[in-house]
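Student: Listed below are the residues making up each chain.
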Amino acid sequence: AQSVAQPEDQVNVAEGNPLTVKCTYSVSGNPYLFWYVQYPNRGLQFLLKYITGDNLVKGSYGFEAEFNKSQTSFHLKKPSALVSDSALYFCAVRDRARDDYKLSFGAGTTVTVRA
Amino acid sequence: NAGVTQTPKFRILKIGQSMTLQCTQDMNHNYMYWYRQDPGMGLKLIYYSVGAGITDKGEVPNGYNVSRSTTEDFPLRLELAAPSQTSVYFCASRLGGELFFGEGSRLTVL
Numbered sequence: 077a078q079s080v081a082q083p084e085d086q087v088n089v090a091e092g093n094p095l096t097v098k099c100t101y102s103v104s105g106n107p108y109l110f111w112y113v114q115y116p117n118r119g120l121q122f123l124l125k126y127i128t129g130d131n132l133v134k135g136s137y138g139f140e141a142e143f144n145k146s147q148t149s150f151h152l153k154k155p156s157a158l159v160s161d162s163a164l165y166f167c168a169v170r171d172r173a174r175d176d177y178k179l180s181f182g183a184g185t186t187v188t189v190r191a
Numbered sequence: 003n004a005g006v007t008q009t010p011k012f013r014i015l016k017i018g019q020s021m022t023l024q025c026t027q028d029m030n031h032n033y034m035y036w037y038r039q040d041p042g043m044g045l046k047l048i049y050y051s052v053g054a055g056i057t058d059k060g061e062v063p064n065g066y067n068v069s070r071s072t073t074e075d076f077p078l079r080l081e082l083a084a085p086s087q088t089s090v091y092f093c094a095s096r097l098g099g100e101l102f103f104g105e106g107s108r109l110t111v112l
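Line order of the protein sequences matches chains A and B. All the letters of the first sequence, read from the start, carry residue numbers 77 to 191 under my numbering. All the letters of the second sequence, read from the start, carry residue numbers 3 to 112 under my numbering.
Isolated chain A (complex conformation) (with noise of 0.2 Å):
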C-alpha cells in the first residue's frame, strides 16, 4: 500500500520569509514523490518531481523539495513566498515497483501569503 499525509491543512506566512509545506509517505518499496499546485478553480498544475539522485529537488515557481528516506518526508520549500503562491498543495507518491502509475496524493494543504 501507499499513502501520503500532509500534516497541516493550512500554512500561513507573510510575503518575504520563508515558506515549507510538510509531506511525509508511506510506500513498500521505493518513492516516486511529487509537489502538484492547484489555484482556485483550475486544474492541478505539476511543480517538481523526485525520481532518484540527488535528494534536493528544484522546481517552477523557485520551489524546492527536500527528499529524506529516513524520515520518509518530501517537504516543499521556497526561500521567499510571494502573495501569488497562495494556492492549495498537493504531495503525491507512487511506488516505483508499481507499473499502473497509481498515484496517491495526499489532501492538501492550503498556503496563504499576507502581504
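In short, the hints are calculated from the structure, not lab data. None of the values given here were measured: they were computed from a predicted structure. Don't take each hint at face value.
What follows is a list of derived Cβ distance ranges for each label pair [as the list claims (entries may be wrong)]:
1. A:Leu-132 to B:Thr-110: 36 to 44 Å
2. A:Lys-153 to B:Gly-98: 43 to 51 Å
3. A:Lys-134 to B:Pro-63: 16 to 24 Å
4. B:Asn-30 to A:Glu-140: 26 to 34 Å
With a straight-line Cα cutoff of 27 Å, these simulated BS3-like cross-link-like pairs (lysine-lysine) come out [unchecked claim]:
5. A:Lys-98 to A:Lys-178
6. A:Lys-125 to A:Lys-178
7. A:Lys-145 to A:Lys-134
8. A:Lys-98 to B:Lys-46
9. B:Lys-46 to A:Lys-125
10. B:Lys-46 to B:Lys-59
11. A:Lys-98 to A:Lys-125
12. A:Lys-145 to A:Lys-125
13. A:Lys-134 to A:Lys-153
14. B:Lys-46 to A:Lys-145
15. A:Lys-178 to B:Lys-46
16. A:Lys-145 to A:Lys-98
17. A:Lys-153 to A:Lys-125
18. B:Lys-46 to A:Lys-153
19. A:Lys-98 to A:Lys-153
20. B:Lys-59 to B:Lys-16
21. A:Lys-178 to A:Lys-145
22. A:Lys-98 to A:Lys-134
23. B:Lys-59 to B:Lys-11
24. A:Lys-125 to B:Lys-59
25. B:Lys-11 to B:Lys-46
26. B:Lys-59 to A:Lys-178
27. B:Lys-16 to B:Lys-46
28. B:Lys-16 to A:Lys-178
Glycine is no exception: its CB is placed at the ideal position from the N, C-alpha and C atoms.
Chain A is fixed; fit chain B onto it per the hints.
Tutor: For chain B alone, coordinates are given in the frame of chain A:
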C-alpha cells in the same frame, strides 16, 4: 496544444439521472485518469486507462463507468446519480513522470 479539455465545467443533476463527463487530450498520451476531489480528502482515483481499449478501476469506481475507444477521449459515465457523487472531477493524462490535468467539472447531485 489545448492540453486536457473537460466538459461541462458545471452541472446540476437530480438523483437518479445519468450523464457523461467528457475528457479529451491532444498530446497523444497513452495514460489517462479520472479523479474526484472532495474537500479535505485530496484526490481519489476513479478509473484509469493505459491506452485505447484498456481501462481499469481505481480506488472509488462504484457508480461510474468509462470507455476508451480512442487515444484522445476518455469519457466518464455516471449512472443513477446519487448525492455522494457531488464532487469536482478531474481528468488527467500522463507523459513520463508528470500528470497533466484538465480544469475540472463541478457536479452537484440534488
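Student: If a hint holds in the structure, say so; if it does not, say that too.
Tutor: Okay, the hints, checked on the actual structure:
1. A:Leu-132 to B:Thr-110: 36 to 44 Å: Holds, since Leu-132 of chain A and Thr-110 of chain B (Cβ atoms, about 43 Å apart) stay within the stated range.
2. A:Lys-153 to B:Gly-98: 43 to 51 Å: Given range 43 to 51 Å: violated, Cβ gap about 24 Å.
3. A:Lys-134 to B:Pro-63: 16 to 24 Å: The hint (16 to 24 Å, Cβ to Cβ) is violated, given that Lys-134 of chain A and Pro-63 of chain B are roughly 37 Å apart.
4. B:Asn-30 to A:Glu-140: 26 to 34 Å: holds, 31 Å
5. A:Lys-98 to A:Lys-178: Cα-Cα ~22 Å, so holds.
6. A:Lys-125 to A:Lys-178: holds, 15 Å
7. A:Lys-145 to A:Lys-134: Cα-Cα ~17 Å, so holds.
8. A:Lys-98 to B:Lys-46: Distance of about 20 Å is within 27 Å: holds.
9. B:Lys-46 to A:Lys-125: Within the cut-off at roughly 20 Å; holds.
10. B:Lys-46 to B:Lys-59: The given pair, whose Cα atoms are some 11 Å apart, holds under the 27 Å limit.
11. A:Lys-98 to A:Lys-125: With a Cα-Cα distance of about 15 Å, the restraint between Lys-98 of chain A and Lys-125 of chain A holds, given a limit of 27 Å.
12. A:Lys-145 to A:Lys-125: holds, 15 Å
13. A:Lys-134 to A:Lys-153: holds, 10 Å
14. B:Lys-46 to A:Lys-145: holds, 25 Å
15. A:Lys-178 to B:Lys-46: holds, 10 Å
16. A:Lys-145 to A:Lys-98: holds, 14 Å
17. A:Lys-153 to A:Lys-125: holds, 13 Å
18. B:Lys-46 to A:Lys-153: Given pair Lys-46 of chain B, Lys-153 of chain A holds - Cα atoms ~25 Å apart, limit 27 Å.
19. A:Lys-98 to A:Lys-153: holds, 9 Å
20. B:Lys-59 to B:Lys-16: At roughly 25 Å apart (the allowed maximum being 27 Å), Lys-16 of chain B and Lys-59 of chain B satisfy the hint.
21. A:Lys-178 to A:Lys-145: holds, 21 Å
22. A:Lys-98 to A:Lys-134: holds, 16 Å
23. B:Lys-59 to B:Lys-11: Between Lys-59 of chain B and Lys-11 of chain B the Cα gap is close to 24 Å, so the pair holds against 27 Å.
24. A:Lys-125 to B:Lys-59: holds, 25 Å
25. B:Lys-11 to B:Lys-46: With a Cα-Cα distance of about 19 Å, the restraint between Lys-11 of chain B and Lys-46 of chain B holds, given a limit of 27 Å.
26. B:Lys-59 to A:Lys-178: Roughly 11 Å between the alpha carbons, so the hint for Lys-59 of chain B and Lys-178 of chain A holds.
27. B:Lys-16 to B:Lys-46: Given that 27 Å is the threshold and the Cα spacing comes to 23 Å, the pair holds.
28. B:Lys-16 to A:Lys-178: Between Lys-16 of chain B and Lys-178 of chain A the Cα gap is close to 32 Å, so the pair fails against 27 Å, i.e. violated.
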